[in-house]
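Each chain is listed here by its residues.
There are 2 protein chains.
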Amino acid sequence: MLSYWNDYPTIQNKLQIVCSLIEKQMRVRNKDIQETLIEFSQAGGKYLRPAFFLLFSSLGDHEKQDEKQLIQIAASIELLHMATLIHDDVIDDSPLRRGTMTVQSKYGKDIAVYTGDLLFTVFFELVIDAMNGSKFLAINARSMKRLLLGELDQMHTRYNKQETFRDYLRSVNGKTAELFWLACAEGAHFGKAAPEVERLAGRIGRSIGIAFQIYDDILDYTAEEDVLQKPVLEDLSQGIYTLPLLLAKEKHPDVFLPYLEKEQDITPEESQEVAQLVVAHEGVEMAKDIARRYTQKALTDIARLPECDARDMLQLLASQLLIRSY
Amino acid sequence: MLSYWNDYPTIQNKLQIVCSLIEKQMRVRNKDIQETLIEFSQAGGKYLRPAFFLLFSSLGDHEKQDEKQLIQIAASIELLHMATLIHDDVIDDSPLRRGTMTVQSKYGKDIAVYTGDLLFTVFFELVIDAMNGSKFLAINARSMKRLLLGELDQMHTRYNKQETFRDYLRSVNGKTAELFWLACAEGAHFGKAAPEVERLAGRIGRSIGIAFQIYDDILDYTAEEDVLQKPVLEDLSQGIYTLPLLLAKEKHPDVFLPYLEKEQDITPEESQEVAQLVVAHEGVEMAKDIARRYTQKALTDIARLPECDARDMLQLLASQLLIRSY
Chain P
10 MLSYWNDYPT IQNKLQIVCS LIEKQMRVRN KDIQETLIEF SQAGGKYLRP
60 AFFLLFSSLG DHEKQDEKQL IQIAASIELL HMATLIHDDV IDDSPLRRGT
110 MTVQSKYGKD IAVYTGDLLF TVFFELVIDA MNGSKFLAIN ARSMKRLLLG
160 ELDQMHTRYN KQETFRDYLR SVNGKTAELF WLACAEGAHF GKAAPEVERL
210 AGRIGRSIGI AFQIYDDILD YTAEEDVLQK PVLEDLSQGI YTLPLLLAKE
260 KHPDVFLPYL EKEQDITPEE SQEVAQLVVA HEGVEMAKDI ARRYTQKALT
310 DIARLPECDA RDMLQLLASQ LLIRSY
Chain U
10 MLSYWNDYPT IQNKLQIVCS LIEKQMRVRN KDIQETLIEF SQAGGKYLRP
60 AFFLLFSSLG DHEKQDEKQL IQIAASIELL HMATLIHDDV IDDSPLRRGT
110 MTVQSKYGKD IAVYTGDLLF TVFFELVIDA MNGSKFLAIN ARSMKRLLLG
160 ELDQMHTRYN KQETFRDYLR SVNGKTAELF WLACAEGAHF GKAAPEVERL
210 AGRIGRSIGI AFQIYDDILD YTAEEDVLQK PVLEDLSQGI YTLPLLLAKE
260 KHPDVFLPYL EKEQDITPEE SQEVAQLVVA HEGVEMAKDI ARRYTQKALT
310 DIARLPECDA RDMLQLLASQ LLIRSY
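Chains P and U, in that order, give the protein sequences.
Residue numbers for the first sequence follow this note's numbering, so the first one is 10 and each next one is one higher.
Residue numbers for the second sequence follow this note's numbering, so the first one is 10 and each next one is one higher.
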């Protein structure tokens, strides 16, 4: 879905190269796996994280940059993202992702577990090749660990009726914001930007990541299934309580707790009722407020970046991305 | 099961330190996962791969060695091994491993997938910390990839009645021998041994790894369940045809093909019949011959190593390990 970038030909061209590199890395002896991987890599991801990486890299000193290195790192970020998606789908037993069947629903969990593992490996191969000797190698390993710990946190709080905004934020910080943080921070770093820009980049990435996840969770309560291209309210029946519900529940526990106590026995009709109640009790509005705050924080930091085309585009992207179709 | 090393106090002491480091690396916020991981790490592994690593490292120049680095790398090898075991058990739906319940049978596949991922990450954290800037970083990533490709090969040839010795060897080379190769080669390398010793070390590791896997597969046909501490003939019903069967089938296809054509519908009684037929048609004897050849190859190479205690011990281990309880 690089068509998302039709209005930004510079970024689109670079993402096309990133995309080709990813496909090249997926050449393995086993043709079934190779096809699965290539199909998955083309199945509609927007390559958001590599795009942020490339934008922040262009804030740096172009003369000192290593183009091949930048493409490799951009690809590594998307590969890490794809690996976690494949394993998440195994765990959620999700039938759909990006409007097409998930790897595990199509080929079974065996293939899905190993293809996810393989992508983690390709991710490491790429970062090692791109930055052996750099301190960012350890940072990449740490980010991957935080990503997994974020997922584990989320799993740990399943069906936890006491879950708070704080718990939610911790999990989101790991499972989503960490990778945006990494993309932006290492974009500035390997783009040879000033240390102050690198620090700002990381902060912007984290704010955008958090806002992005909150909007994503809001969509679960507002979007139609055909827009979302995945089953609506999947999270709820799996005991994953996201921000709109958490905020509505905090104000009206008596309304929501009887539903949550049903845990996995909640029916699709009851899930729909919960969704309507969340909207009626302003859970969605309150969640939007918080997402707006993080977006604003990102925009304030973006305004502090050196003036240039990339900054303008980041501004546009941050505001646009976070006002998605709901 | 460091008691395996009771007669070798030097190695046992070092492995104890490796073991402590592994436990330390497993400290995560989620206490359930932490307990699972620590329990798994103590559940009877012999720490064979780190032991080979340490033995080969002691062939090098002790004055130039970095003890902390050696312990970290030894731990990383066992962590990589553990990560693949956990994911293998998810794929095989194995109830038992090392005589205790597998992570996935005890905590479900969700926890098992993520704990495996976490161990891959901890593996990378450790190698990056131990050898950032070294060429062996890329070699580690490559080995991990070959390990996974070996597993994928094995999955790909499931229920393949045409499978040959060559296919088997390719899969074993990846899924088992690669890690022994890595342990021995990087043992010599980071122990600061001569390049010739490093080359020999890798060859010895690969021969031992192949022989080790063949003996392991023989055990499936000869051992009692209580000795093996895992269900006997599990592989057969899952369509994984190992060397004793492959060799017997090659000589007497008419005897074995009718059984293999039943694929997953083969009954436990029929599996037992196949096992008896494999023994009766000398599949086990022929497989032992091949394992012996690889052992002999390892022993010949070991004899070429510089004379020292570690060499004597490698000699003993190679002969002893490969004559296991069958």
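Among the hints, a few may not be true.
Because identical chains cannot be distinguished in the list, a pair is counted as satisfied if it fits within a single copy or across any two copies.
Claimed, not checked - Derived DMTMM-like pairs (lysine to aspartate or glutamate); straight-line CA-CA distance at most 20 Å:
1. K33 x D102
2. K73 x D102
3. K118 x D298
4. K77 x D138
5. K271 x E243
6. K33 x D263
7. K115 x D102
8. K118 x D97
9. K40 x D162
10. K154 x E32
It should be emphasised that the hints constitute simulated quantities derived from the structure, not laboratory data.
Exercise for the section: Could you place K154 and E32 in one of the four classes (within, between, both, neither) given a Cα distance threshold of 20 Å? Expected result: between (25 Å within a copy, 16 Å between copies)
Exercise for the section: Could you place K118 and D97 in one of the four classes (within, between, both, neither) given a Cα distance threshold of 20 Å? Expected result: For K118 and D97, the Cα distance is within 20 Å both inside one copy (11 Å) and across copies (12 Å).
Practice task
Up to 20 Å between alpha-carbons, please classify K118 paired with D298: within, between, both or neither.
Solution key: Intra 39 Å, inter 37 Å, cutoff 20 Å: neither.
Handout entry: Same-copy or cross-copy closeness of K77 to D138 [CA-CA at most 20 Å]
Key = within (11 Å within a copy, 25 Å between copies)
Practice task
First find the shortest C-alpha distance between K115 and D102 inside one copy, then the shortest across copies, and answer within, between, both or neither for a cut-off of 20 Å.
Solution key: both (11 Å within a copy, 19 Å between copies)
Exercise for the section: State whether the alpha carbon distance between K33 and D102 is at most 20 Å within one copy, between copies, both, or neither. Expected result: neither (28 Å within a copy, 32 Å between copies)
Problem - Same-copy or cross-copy closeness of K73 to D102 [CA-CA at most 20 Å] - result: Neither, since 46 Å and 51 Å both go past 20 Å.
Exercise for the section: Using 20 Å as the alpha carbon limit, work out where K271 and E243 are close: within a copy, between copies, both or neither. Expected result: Classified as within: same-chain Cα gap 15 Å, cross-chain 39 Å, threshold 20 Å.
Exercise for the section: Measure nothing new, just compare the shortest in-copy and cross-copy C-alpha distances for K40 and D162 to 20 Å and report within, between, both or neither. Expected result: between (35 Å within a copy, 11 Å between copies)
Problem - Alpha-carbon proximity context of K33 and D263, limit 20 Å - result: neither (54 Å within a copy, 43 Å between copies)
Violation of the numbered hints given earlier is confined to hints 1, 2, 3, 6; the remaining hints are satisfied by the structure.
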